[in-house]
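K.L.:
Generate coordinates for the entire structure from the input sequences, incorporating the hints supplied.
2 protein chains.
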Amino acid sequence: MLERVRIVLIGTSHPGNIGGVARAMHNMGLADLALVAPRCDIITQDSISRASGADHLLHSAQVFASIEDAVADCTLAVGASARSRTLPWPMLSPRELADRLPAECQPADSRVALVFGREDSGLTNAELQRCHAHVHIPTNADFSSLNLAAAVQVLAYECRMAWLSQASHEPSASGPAATVQPVTVSQADDDLASHAALENYFEHLERVLITIRFHDPEKPRQLMARLRRLYLRARPEQMEMNILRGILSATEKATQHKQPRE
Amino acid sequence: MLERVRIVLIGTSHPGNIGGVARAMHNMGLADLALVAPRCDIITQDSISRASGADHLLHSAQVFASIEDAVADCTLAVGASARSRTLPWPMLSPRELADRLPAECQPADSRVALVFGREDSGLTNAELQRCHAHVHIPTNADFSSLNLAAAVQVLAYECRMAWLSQASHEPSASGPAATVQPVTVSQADDDLASHAALENYFEHLERVLITIRFHDPEKPRQLMARLRRLYLRARPEQMEMNILRGILSATEKATQHKQPRE
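So the sequence lines, in the order shown, correspond to chains E and Z.
With positions in the first sequence counted from 1, the corresponding number in the numbering used here is that position plus 144.
With positions in the second sequence counted from 1, the corresponding number in the numbering used here is that position plus 144.
Hint data in this document are derived by calculation from the structure and do not stem from the laboratory.
Please note that the accuracy of each hint is not assured.
Computed Cβ-Cβ distance ranges for the label pairs, DEER-style [unchecked claim]:
#1 Z:Q366 - E:A247: 42 to 50 Å
#2 Z:Q382 - E:S204: 53 to 61 Å
#3 E:Q366 - Z:E212: 52 to 60 Å
#4 Z:K363 - E:Q310: 41 to 49 Å
#5 Z:D286 - E:S157: 27 to 35 Å
#6 Z:R183 - E:S193: 17 to 25 Å
Since the structure is predicted, the reported quantities are computational estimates derived from the model, not experimental observations.
Note that CB positions come from ideal geometry on N, CA and C, so glycine has one too.
P.N.:
If you want it as structure tokens, here you go:
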């Protein structure tokens, strides 16, 4: 899917931004970069340094004279745009675009172009009207102009998320699904303690709390209930349970010679 | 909600990246920037030019000596991290983090810190273990190192999307987050312990574990890291923190007459 997404930059004027775009694309697994009438050199010290290892995308980038040439083979062209336009156009949020992407990229010959305008003036109305739809990245109304590489980063990230969620729907790759519960993920290295192990711990804990005179069964208040809630919430692993039991045993050993108390 | 999200940059070495982060933050409506032991000047021609109009965030940025100081008042600290770590930690995707945010930011005194590491080496294990959870931005396995400003851009974008969807879901704003984290729900009856209170607890705990001879700082293995992970995962309330501190004090009292040991 990601290999069918093309990033199109129109009239870019700073090599560093082209390098930053290349890095953002490669980070998210995109590789098809098209430059329309760039207003600067593409391969410079600045662009290579900002690409930071993704400069092969600078070398493989195709250069076109017009947006028509750059998107000629594309089945969907979406222009990045600020919201209000004289002529209303189908407008997508980055997430709505991502939701459409898997279907749009299904056909073998499909190509989706994400078109970005000039650093200073964006896309012209003529260029926006070459696009099937426009995508607007929500921004602070008082400060809406995103850096070019940042805008590409956000859309490329949404493309990757769409690709990953698509992959996760296939039976094998249940990776992302596992992250639904962060706690579950944190258990990956060990099994959860059994309920019996937890009950044994709570009994042991109460004995020790009485020994160190922190807990008085005659006046329990809600001490054990609160401690239960805390530890049950943490879903301890077996290994963690062993550590907590070990701490209780060490506490008993360190205090034993003081029994019976004065 | 967005005003309760703090971006924490640790050991940043390029002023341009700090400027890029300021621009990304202001674009998405974030304003709280904290710098921990920066390895470069903050206000430079490069940082101001990359901030491109958001340089007021550079001037208002707070500088701290350590991550503990920068997140001391935070109720949730999330560290940006590559996936595999020696000791697995609760791991969120940027979207799962965004889903949690509305509920996390509900209390008036809540503060959420998103912590980013050095350009060259990221966050240390010690720094990652100061965080309740880690967030991993999905990237191309062959090219996973995101530019610092790009990483902040992605998470800031997800924060803004969460804020926008919350606004559109009013009044049932807490809907999405409630489904994500039962932990959050369990905190309803009391305030969360601050990060500083947790750090004080871990210091006290380590002293006591040494006293009862359960812990040998010469051979730490991963004991304190495992205990940190367990208690940070449980998100203790202030009242629970008081109970745990009380247990440590009672343990010290019950063992004191046996010091020094034979």
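K.L.:
Checking each numbered hint in turn, tell me which of them this model violates, lowest number first.
P.N.:
3
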